[in-house]
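Colleague: The chain contents come next:
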Amino acid sequence: MPRIRKKKNYTRKYVLILLLPGLILLVAVVIFPFLYTLWLSFLRWNLRFSWAKPHFIGLENYKNAILSDPRFYNSLEKTFYLMAGAVPIELLLGLGLALLFHTGFPGKRITMPFFLIPLALSGAVVGLIWGLIFVLTYGPLDYIFQVTGIWRFVFGGRVDLLISHPMGCIITADIWQWTPFFFIILLAALSSVPKDLMEAAMMDGASSTQAFRYIALPMLKPAIAVALIIRMIDVFKTFGVPFVMTKGGPGYASEVVSLYIYNEALQYLDIAYAATLSVIVIVIIIVFLNAFMKAFRFKFTGGG
Amino acid sequence: MRRKAKPTYGGSLAFKIGKYLFLIVAFVFFAFPLYWMVITAFKPEQEWTAFPPLFFPAPPTLKNFYEGLFLMHGLKGIMDSAIIATGNMALTLSLGMLAGYAFSRFRLGENLAFFILSQRFAPPAAFAVAFFILFDKLGLLDTYIAIILAHTTFNLPFAVWLMKTYFDGVPRALDEAAMMDGCSPLGAFFRVVLPISTPGVIATGALLFMFSWNEFLLALFLSRTAVTPFVVLIPKFYGGHDILYGVVSAVAFLASIPPIVIITLLHKYLVRGLTLGYVKGV
Numbered sequence: 001m002p003r004i005r006k007k008k009n010y011t012r013k014y015v016l017i018l019l020l021p022g023l024i025l026l027v028a029v030v031i032f033p034f035l036y037t038l039w040l041s042f043l044r045w046n047l048r049f050s051w052a053k054p055h056f057i058g059l060e061n062y063k064n065a066i067l068s069d070p071r072f073y074n075s076l077e078k079t080f081y082l083m084a085g086a087v088p089i090e091l092l093l094g095l096g097l098a099l100l101f102h103t104g105f106p107g108k109r110i111t112m113p114f115f116l117i118p119l120a121l122s123g124a125v126v127g128l129i130w131g132l133i134f135v136l137t138y139g140p141l142d143y144i145f146q147v148t149g150i151w152r153f154v155f156g157g158r159v160d161l162l163i164s165h166p167m168g169c170i171i172t173a174d175i176w177q178w179t180p181f182f183f184i185i186l187l188a189a190l191s192s193v194p195k196d197l198m199e200a201a202m203m204d205g206a207s208s209t210q211a212f213r214y215i216a217l218p219m220l221k222p223a224i225a226v227a228l229i230i231r232m233i234d235v236f237k238t239f240g241v242p243f244v245m246t247k248g249g250p251g252y253a254s255e256v257v258s259l260y261i262y263n264e265a266l267q268y269l270d271i272a273y274a275a276t277l278s279v280i281v282i283v284i285i286i287v288f289l290n291a292f293m294k295a296f297r298f299k300f301t302g303g304g
Numbered sequence: 001m002r003r004k005a006k007p008t009y010g011g012s013l014a015f016k017i018g019k020y021l022f023l024i025v026a027f028v029f030f031a032f033p034l035y036w037m038v039i040t041a042f043k044p045e046q047e048w049t050a051f052p053p054l055f056f057p058a059p060p061t062l063k064n065f066y067e068g069l070f071l072m073h074g075l076k077g078i079m080d081s082a083i084i085a086t087g088n089m090a091l092t093l094s095l096g097m098l099a100g101y102a103f104s105r106f107r108l109g110e111n112l113a114f115f116i117l118s119q120r121f122a123p124p125a126a127f128a129v130a131f132f133i134l135f136d137k138l139g140l141l142d143t144y145i146a147i148i149l150a151h152t153t154f155n156l157p158f159a160v161w162l163m164k165t166y167f168d169g170v171p172r173a174l175d176e177a178a179m180m181d182g183c184s185p186l187g188a189f190f191r192v193v194l195p196i197s198t199p200g201v202i203a204t205g206a207l208l209f210m211f212s213w214n215e216f217l218l219a220l221f222l223s224r225t226a227v228t229p230f231v232v233l234i235p236k237f238y239g240g241h242d243i244l245y246g247v248v249s250a251v252a253f254l255a256s257i258p259p260i261v262i263i264t265l266l267h268k269y270l271v272r273g274l275t276l277g278y279v280k281g282v
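Taken in sequence, the protein lines are chains A and B. Numbering-wise (this note's numbering), the first sequence opens with residue 1 and increments by one. Numbering-wise (this note's numbering), the second sequence opens with residue 1 and increments by one.
Calculated from the structure, these hints are not laboratory results. Glycine included, C-beta positions come from ideal geometry on N, C-alpha and C. Treat each hint with caution, since some may be false.
Stated by the list, open to error - Which bits of chain B does chain A cover? Going by a derived footprint, with three or more residues having C-beta under 8 Å, they are:
#1 22-28
#2 49-59
#3 62-76
#4 211-224
#5 239-251
#6 254-265
As the list claims (entries may be wrong) - Pair by pair, the computed Cβ-Cβ distance ranges are:
#7 Tyr-214/A to Leu-62/B: 52 to 62 Å
#8 Ile-83/B to Pro-21/A: 18 to 28 Å
#9 Gly-139/B to Arg-152/A: 52 to 62 Å
#10 Leu-140/B to Leu-20/A: 21 to 31 Å
#11 Ile-17/A to Lys-63/B: 50 to 60 Å
#12 Pro-21/A to Leu-21/B: 46 to 56 Å
#13 Lys-76/B to Ser-192/A: 40 to 50 Å
#14 Phe-51/B to Phe-56/A: 56 to 66 Å
#15 Ala-82/B to Leu-38/A: 29 to 39 Å
#16 Ala-291/A to Gly-187/B: 46 to 56 Å
Work the whole structure out from these sequences, hints included.
Modeller: Structure, rendered in C-alpha cells:
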C-alpha cells in the first residue's frame, strides 16, 4: 500500500499549505481575543481607576450582571423589542418585493438598485439618514405629518418622535436597512423554483395564490429559515443606527445591548464588566440559535 | 403552444391596482430617505433649517462638499477608510482564496466548516473589548493595522466561504488535467483554477472591501485621532447643538458612493455570501 499512503501525505501537505495562513490569522484575531475576553470577565478592572491593578474576582461580574443590573436587562429587552418589531415586517416586505420583481413589471431594472442600496450603507450612514428624516422642524416627516394631519389624528399632537418613540424610529430605520436583505435572498430563491411546476399547477386549475402557497412557499422555506436565522442574530449586533440617531436615549429608552456594552467599555471604562456582558450575549445567541434551528429542523451541513 | 396565455399571478384589476400601489409606496419608502440625504448635501446653509423644508435645493451648492472634505477632515476620513478597506481586502482575499480552495477540493470535515462559519454569528462587541486592550498593550491603538486586523474577524470567514462556493463551480477535471501535465496542486490552483475564477475573485474582493468600509463598532473602539475612518466622523459631526446638516450629508453621501456602486453591480454575488451558500439560484 505504499502508493496510497504517499498520496495521502501529499494531499495533507497541500491542505496544510493552503489552510495554515488563514487558520493562524483566525487563531490570532478570533480565538485568542475571545479567550482574552473570557479571561477579562473574571477580573475587576476599570481603566478609570488607573492605580487599581486588575485582579481576579471569579464570577462576581457575572453575579452582578445577572442579579443586579437592571440596565442590562433593559438593553436585552430593547434588543428583543427591535427583533420582534422589525424582523417580521422585513420578512413580509422582502417577500412581497421579491414576488413582484419575480413576476416582473415595467421599470423593474431601473428601480431594482433603490431596493438594494440601503443594504450597502454603513449603519452610521443609515442612522444619519433617518436622523435627518425624523428631526423635528427641519425634517421632512414633521412637515408631511403637519400637512396631512397625522400629528393630530394619530399622535394627538406634534411630538419629537426621536424622544417619544425612539425604538419606533430605530425599528423604522432597521426595516429600511434590512428589508433588502430578505428581498435579495428570496428573489434568488424564487428564481430556483421551477416555473413549469407553477405553470402546470395553474393549468390544472390552481389559482396563482394556491400555486404560491403549495408549491413556491414550501420551496422557499429553507431560504426563509436561513435569512431569519442570520437576521435574528444580527439584531444583537445592531449598533450604528441607535448610536448615531438616539445615542441610546432618551435615558436608556433605546439602549440596545451592543450600545450598552460600548458604553460600559468606552464611557465608563469598565473593561472587565463590558467583557462579561459580551460573554453573556454570546451565550444568549448560542441558546437562541439552537432553539431556532431545532424549531426549523435546520442543520448546519456545510452548504455550498 | 407558446401562444397559450402565460399564467400570471393574479389577474384581476383590483389585484393589479394593489400591486402597483404597494410598489409605489415601497419605492417612496426606500428611495426618499436617500434622496433627502443627497439634496441636503447640496443645500446652502440657510436651507438646512428652513421651514417648511425644501424638497429641492435652490440653488444647489457645492460648498458643503468643500467644507466637509477640506475643513472638517472628511477627505482624511475617506482616505483612511480606503486604506483600511483595501488593506483588509488584500489580506482576507489572499488567505481566503487559499483556504477556500482547500475547502472546495479536499474533504475537511464539517466541524472545521462550522468553526469558520460560526464567526459570522459572534457579536463584534465581544472582540472589540479584547482588541482595545490587546492593541493598547502592543501600542497599536489608533493605527491602520489595528483596524485592518480587527476587520479580519468577520471578513476572513466570509472570504473563505465565498471563494469556496465559487471554486465549487470550477470543474475538478481542470485541476486534474493540470496535475497530469505535471503541475503540483498549488500550481494547478495558481495556473488554472485561479485565472478562470477572476470574476469571482474580483466580486469577492469588492464585497470584502464594502464590509470593511462600512464597519462601525470596531472602528469606533480602535481609532482616536491619528486614524479616523469616515464612519467615525459621522457621529462627531451629527451631534451637539449646531449640527452641520449639509456638511455631514455631503461627506456621508460621498462615502456611500463606493458601496452603492458595488451593490448595484454585484448583488448577485452577495446572495451567496450573505447566506453562506445555503441559498442557491441566480
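Colleague: How does the coverage statement for the segment 211-224 of chain B fare against chain A, requiring three or more residues with Cβ below 8 Å from a Cβ of that chain?
Modeller: Check passed, 7 qualifying residues.
Colleague: Confirm or reject the coverage of the segment 49-59 of chain B by chain A under the rule of 3 or more residues with a beta carbon closer than 8 Å to the chain's beta carbons.
Modeller: holds (count 6)
Colleague: How does the segment 239-251 of chain B fare against chain A when you require at least three residues with a CB closer than 8 Å, holds or violated?
Modeller: Contact hint for the segment 239-251 of chain B vs chain A: holds, 4 residues under 8 Å.
Colleague: Determine whether the Cβ-Cβ distance between Pro-21/A and Leu-21/B falls within the hinted range of 46 to 56 Å.
Modeller: 54 Å, holds
Colleague: Given a hint of 29 to 39 Å, does the C-beta separation of Ala-82/B and Leu-38/A actually sit inside it?
Modeller: 35 Å, holds
Colleague: Quick check on a hinted range of 46 to 56 Å for Ala-291/A and Gly-187/B, using CB atoms only.
Modeller: 47 Å, holds
Colleague: Range hint 52 to 62 Å: satisfied by the CB atoms of Gly-139/B and Arg-152/A?
Modeller: 59 Å, holds
Colleague: Given a hinted range of 56 to 66 Å, is it respected by the beta-carbon distance of Phe-51/B and Phe-56/A?
Modeller: For Phe-51/B and Phe-56/A the Cβ distance comes to about 59 Å; the hint holds.
Colleague: Confirm or reject the coverage of the segment 254-265 of chain B by chain A under the rule of 3 or more residues with a beta carbon closer than 8 Å to the chain's beta carbons.
Modeller: Three-residue rule met by the segment 254-265 of chain B, so holds; n is 7.
Colleague: Does the segment 22-28 of chain B contain three or more residues whose Cβ lies closer than 8 Å to a Cβ of chain A?
Modeller: With 4 residues closer than 8 Å to chain A, the segment 22-28 of chain B meets the three-residue bar; holds.
Colleague: Within 52 to 62 Å: is that where the Cβ-Cβ distance between Tyr-214/A and Leu-62/B falls?
Modeller: Since the Cβ atoms of Tyr-214/A and Leu-62/B sit about 57 Å apart, the hinted range of 52 to 62 Å holds.
Colleague: Determine whether the Cβ-Cβ distance between Ile-17/A and Lys-63/B falls within the hinted range of 50 to 60 Å.
Modeller: 55 Å, holds
Checked against the numbered hints given earlier, this structure breaks only hint 3.
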